[in-house]
Amino acid sequence: QPNSSSNPSGGGGSGGLKRIVLLNNTDSPFWDAARAGIAKAVEELKLSEAGFTAGMDSNDGTEQGQIEKLRQYGTQADIVAVIISPTSASNLAIADELKKLKEKGVIVGCFDSDLDSKFTSLREFYVGTNNIQGGQVLGTAAKNLRPDGGQYVQFVGFGSQQNAIERMDGFTGAAGDKFVQKDRRLDDADRARARDNVRDVIDKFPELNTLVGIWSYNAPAIVDVVKEKGVRDRFTIVTFDAEQLAIQQMGEGMIDAMVVQNPFAMGFQSVRYSLAKLTDDQATVKEMFPRMGEPGGDIMDTGLKVVIPDANTPLTPKMFEEFGTGVEVLRYSDFEKWLAEYKLTSS
Amino acid sequence: MTAMEPIISIRNIGKQFNAVRALDNVSFDVLPGELHAVMGENGAGKSTLMKILSGVLCDYEGELWVDGERRRFAGTRDAESVGISIIHQELNLVEQLSVAANIFLGRESKNRWGTLNQRDMDRQAADLLRQLESNLAPTALVGSLRVGDQQLIEIAKALALESSILIMDEPTSALTESEVARLYGVVNNLRKRGVTILYISHKMDEVFRLADRITVLRDGQFVKTINKSDTNPREIAHMMVGRELDDAIRPRDNQLQPVVLQVRQLSLPWPGHSKAWRLNNVNFELKRGEILGIAGLMGAGRTELLECLFGASPLPPQGEIRLYDNVVRFQHPSVAMAAGIAMVTEDRKRLGLFGHMNVRENISLCGLDSFAKLGVILTDRERRGAEQQVQRMSVKTSGLDASIHSLSGGNQQKCIIARCLLTEPQVLLLDDPTRGVDVGAKAELYRLMELLANDGMAIIVTSSELPELLTVSDRILVLSEGVLSGEFSRAEATEEKIMEAATGQAPRQTA
Amino acid sequence: MTVSRSTVKQPGIIGRILSSVEAKLILAWLFVVVATIALDPGRTYLNNPGSTAELIIRNTVFLGFFALGSAVIIISGGIDLSSGSVIALSATVFSSLLSVIDPEGFRSGDIQTSVVLVAIAGTLFTGVMVGTLNAWLITSVGLPPFIATLATMVGLRSFGRGLILAVTGNRSQIDFTDLHLRDSLKDVTSVSIVFLIFALAIWFLMSRTVIGRHLHAMGGNEAAAKLSGIRTDRLKWLAYVIGAVSASMVGIVYFADQGSAKPDILARGYELNAIAAAVIGGCALTGGVGTIPGTVLGCLFLRTVIDAVNKIVGTGADVYEGMIVGIVVVLAVTFSQRGATTIRRPFFGTAIGWAAVPVLSLLAGLSFVLFFREKPWFTPTYAIGVGAIVAVSLAARGFIEVKRAR
Amino acid sequence: MTVSRSTVKQPGIIGRILSSVEAKLILAWLFVVVATIALDPGRTYLNNPGSTAELIIRNTVFLGFFALGSAVIIISGGIDLSSGSVIALSATVFSSLLSVIDPEGFRSGDIQTSVVLVAIAGTLFTGVMVGTLNAWLITSVGLPPFIATLATMVGLRSFGRGLILAVTGNRSQIDFTDLHLRDSLKDVTSVSIVFLIFALAIWFLMSRTVIGRHLHAMGGNEAAAKLSGIRTDRLKWLAYVIGAVSASMVGIVYFADQGSAKPDILARGYELNAIAAAVIGGCALTGGVGTIPGTVLGCLFLRTVIDAVNKIVGTGADVYEGMIVGIVVVLAVTFSQRGATTIRRPFFGTAIGWAAVPVLSLLAGLSFVLFFREKPWFTPTYAIGVGAIVAVSLAARGFIEVKRAR
Ligand SMILES: Nc1ncnc2c1ncn2[C@@H]1O[C@H](COP(=O)(O)OP(=O)(O)OP(=O)(O)O)[C@@H](O)[C@H]1O
Ligand SMILES: Nc1ncnc2c1ncn2[C@@H]1O[C@H](COP(=O)(O)OP(=O)(O)OP(=O)(O)O)[C@@H](O)[C@H]1O
Ligand SMILES: [Mg+2]
Ligand SMILES: [Mg+2]
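Protein chains in written order, with the working numbering: chain A, 1 to 347; chain B, 1001 to 1511; chain C, 2001 to 2406; chain D, 3001 to 3406.
Read the hints as simulated data drawn from the structure, not as lab findings. Hints may be right or wrong, so weigh each one.
Claimed, not checked - Calculated cross-link-like contacts (lysine-lysine; reagent style BS3-like; alpha-carbon spacing at most 30 angstroms):
| hint | chain 1 | residue 1 | chain 2 | residue 2 |
| --- | --- | --- | --- | --- |
| 1 | B | Lys1275 | C | Lys2375 |
| 2 | D | Lys3375 | A | Lys18 |
| 3 | D | Lys3226 | B | Lys1275 |
| 4 | A | Lys318 | A | Lys178 |
Just chain A, with the same shape it has in the complex (with noise of 0.2 angstroms):
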């Protein structure tokens, strides 16, 4: 394993290193990745020659969990980066505590998920994508999927959490008015409810044709279910993220379309960031963020994988043009040698 000296999260103190902190949102598979791109730069990047160390906190899905981590950074003398997926973007107390360790002259940015407008100037950066636009694309493939619309309904644990406001907001905007959505169906992150939910909508809506998991797990519920009453001829299948299982029932002809971000990158180029803040490296600073300073510029976007299967589907590059350069069309094999080529299982 590369990461042996990393300590993302097993135990034990630091060992005197100074301490580059993510925080996620909450745990999921999704993180693995993002671990395993920290892993990476702590290794090729030599961080603990440079005296420090790299790895992930993982939140409980509450604001209170990451407010209470926030002041627990604030407290330790050996923190000096924290990178955040906020769960909340316009959440006050979360922007108070950044603002508190900005003040500390703790480095301050955000990964994965960007704080509001209003608030941006708390952190230095945002290494991610955009959730509003991965909605828009997953609505665009539903689109061409079935041109003629029709009935979808929307998978998610929390329908507060931020990133899943803004992936259905996306979908729902982009999949058109020929779609109707049926229901939103939550689940609390149980992944037995979110089996039920698709149990229950597919009885009860006999005319529904679309399927959206908005977070990672809802993509294996939706097809597990799907698989158990035989009803995939029935279903256009789109979601987010890449679980193993997903990546696995992709492979078996289960998903229409994938929308994947790239959370090894976000792990990897936070710490890479932090890295050259802290030994005051100009010039990585200056090639990560070439326009820093100007509205904008402290956006990276590490991208969209829009994931389609090998043969027999409607969806070519072309449909997703509109995106612009941040929107890669991959097909099922190719997005399995990008996975194979970083060590990965999930995204």
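Model the placement of chains B, C and D with the ligands on the given structure of chain A, informed by the hints.
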């Protein structure tokens, strides 16, 4: 008799509970086939000794010889295997299980496949209960039975073991005369079969009727073993408490006193039972300074009557209760207390004591309002008040802050009475106040009741012991299945007359 | 000299059956089913009876396993807050064993049967160890069951999280890649059969064997059981082991069903569902009372109610599910166990009863707003009307109760 | 019948103080603090004493409010599982009241003080109503407290979620826009002062007033309390109202502190923290026993331990927090309350004790692996060694216990 080999030989047994020395160097022998009574005050160590004998307590000093062999039991099973069984002082029944299941608890009969053979147990249980002249259904849930019936089940449970040595620790404390008589029959049968019985009781007449020999313990120490024929109750009491007792109560004349409490056509419904009324059309009155005894068999409704008067009955009673000519209808004991009625319950442990509180807190609980200003307890005043009560009742305690459990049963009872008296009641209801209380404390309680009555308090007292009622009461009412079946003045009352009325054999004498 | 004694009126056999918790639950369940058929706008029960039944059975069976474990513990006088965490830990252990013993097969999705059997045995043995730990904390350390199992509840979930990090090399979940094995482990029919066997075994243990009798006795009166020579410590061990092993079985099934073992969120809070199901099924938290068929029916009833809420409310069902489940739990426990106490206490004719009238009316009125505010016919007047009607009827009942008490 | 023989050895005043739960907790707390100073690689306690103290105080105070409420309920013989949901509901009600009464000011972030006062009063009154509901379910409907508050736990959170949808027009949270008001409501110093006043008031109520004495009496023996003329129903009402109102206060503070009211996840599961803190502080779940200072110390201890885990473990502390909290709860309850039980039972010298030895050793060995597997010096031999040492020492203790029992 003395030439016989002892069946049990207790040698230098001692037992320490933390700081309490419950038994100290006790030695005596029990002979085969005898009924050996063990007597002593509350807390003398009788039950502790019996628990050691029956394998409940395994950690003690000294030696135990049974049938000429030295034994050290590691549990109740060991004791049962050498033929010792025990009826515990406290009821130890599982209320959620049936009568038969309780009788055979821990010794269930199994059928061929190793599963429960309920039918067999029901049959055997019915046999045992028949021996006890009880018609309880083996399938009845124990929780739905009265305390007295539950005690019979405890007895049946011990009999089921058919052991050669039976320990009975206050088996009759919850039984009234007729059940006690049945128990005597059972004891006689057992003795005919050669069973050795160790018998503990605070009821002197019972001991002198049944025992062959009597052993007296005091403060955890052995005092003496003596043949019944060589002694008398007075001497035993003296050995127990170390002083002379005087339990006579001087008669008082209440004829001219005003009526405090008047009960008219009091009835208490009993839903879900074949008999619709728990109490039916009860009428009586109580005068100032009078001690009114209420007699009756088990389940006659004495407790219910007192509960009705105290506003503590599960259902509101019908009829009329007048206190000083005012019709009262208590919804809650607190209202009754405010009106000047206080009650001491029959179940001291479950309904009276606050085990987690100390002596002071147990005593002051009902009088807190008088020790408080604007709801804030004035600690000094509370302490002084409790101290006064302790002195007035001569409660023996190591201090006001001692745990209530460190007191003997009689002293606990005094604390509860003291608690009631703090409300300065005009009417005091005592439900079997001497249950499980030793002779010394009993005498003190009698003396106390007399003092209170002389001060003008009206007292209603029930008891499972007729002689006690005859001693303390100015007047005795008899209840029979919820109906008032007799009323006797102190002069005319005798045990025979009361028993006749209680079993419904005599016509009602007064209205 | 025997005294003729007044006996409790014995109802006839039919009356006895009808007054049992089980019969009442079946009636309540039928009522919920009929109500769902009547109120569900999608008519799912009529249009898709098969798949609905499958859904309810699946959920009932999954809950049933560890609810039975909880029932045994509750009947024996304890309580188990750790079952949700034990499910999470067991799923972790099972997946870890599979991936550690046969890493090749696990990666390629083709695990050997012998490995599966070893992993199942290991997981169930983990259950035995957890049960032992709980029983040790309770009997030897002397903690109250609530505290002991609260400690293992937080501790074991965290242990599972640490374990998964160690096994996977810092990943937060293990995915189940063997499709074939997964399908056979999560198959409703076979899981239901296993459940049936398990339930029958537990029922037999609790109602036909000496051990079951002793468990009841210990739950009812531990001191008495001890004095009757029953080894209560060992019985407690057995009860907590049954509880933990039943949760371990669910852990295996959940791993298959969800396709991943993620100990931080798997089965979080499920212990309360299990306790609620057991209590609805007639188990008393004071111990000694309760049946296995009742508990199974309690699970069925609870899951059917949750399903009904989803069917009837439709969009946003998750928002209102809690309210309806809360109300139904109260109603079910109140009425299925009402016969038990002979004396009916007044609901509203007391000080607190009167105080509760405005609270309940306000709740009713507000709930009306919450449920129906988006209907075209909705006006606030209706809501006020509903609140007022509830207030008047509760108050009327209160007056009747006061009158009757006179 | 002289008592001289049976007087319990009265320890001196110092011995009495030292044997109190409070003193033991203070010692344990000092131990944790010293251990943290020694083990924390960042030396935070020495470098940043002020901010660390502030953090611990804030967390202690927030927990303290509703832990005190829970303590009152536990002492009076009940239990409250609903406090987490009441916090969520109260935050919702408070934010809803603010936004409904003064929509202009709420939007612009400039709410009138009178509106704030009305909203606070309304929220606390919600607490009173919830307490009334709980008490009604327990006293009039006759549900066991565990079930009654389980029902309100699921019901009230769901009610809060519905409410927020209705008030915001289908959004799932309300944000706090008035920065000034927010700062004053969440200010540690003022919240701590309010807490101090609240704790003193509750302490005074419980230990100096007639009502407090009656609550203790009821908790210890309800039937006897009733027969002593204590209005147990009303007292229960009071206890549950105190519990719910204390949670409501926390709801207001949390809304300010987190800047948003989100009833679906706010304070989820916090009820168990409150119960754990009360029990660590010496409250017995059987009722009647417990003190307010003890509960406050219990909160301080629990929060300090959690803080220490974060300080010492550093990144990834969340994974191990549960394990350490679980172990510490067991140790704290065992040793702070060990004096209370007269007979010391053997820990390992019984059948279950022996069975627990391998379980505990395995746990110790595995935990060692989990904690230290990434250290450069780590080899599996160490872990096996740790497991073996634990096994041997526990077994040795078991042998000694068996010997001593002889
Ligand atoms: N489990 C125990 N723990 C501590 N002290 C005990 C225990 N059991 C009994 N004692 C004490 O030992 C002494 C003897 O008690 P024991 O029950 O043997 O008295 P007894 O003679 O049976 O009294 P009674 O007539 O009231 O039944 C008492 O002081 C009692 O408080
Ligand atoms: N069949 C019964 N079902 C339920 N409770 C009963 C029943 N019989 C008696 N009780 C209750 O059990 C308690 C103890 O009963 P006990 O044997 O003392 O009879 P009792 O009715 O009190 O008559 P008495 O006091 O005259 O003996 C009383 O409080 C009584 O209310
Ligand atoms: Mg005794
Ligand atoms: Mg009686």
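Evaluation of the provided hints:
1. Restraint check: the Cα-Cα separation between B/Lys1275 and C/Lys2375 comes to about 57 angstroms, which exceeds 30 angstroms; the hinted pair is violated.
2. For the hint pairing D/Lys3375 with A/Lys18, the CA-to-CA distance comes to about 17 angstroms; that is within 30 angstroms, so the pair holds.
3. Between D/Lys3226 and B/Lys1275, the direct Cα distance comes to roughly 28 angstroms. Compliance with the 30 angstroms bound is thereby established for this hinted pair.
4. Annotation: proposed proximity of A/Lys318 to A/Lys178 holds, straight-line Cα distance about 21 angstroms (limit 30 angstroms).
Checked against the numbered hints listed earlier, the structure breaks hint 1 alone; every other hint is satisfied.
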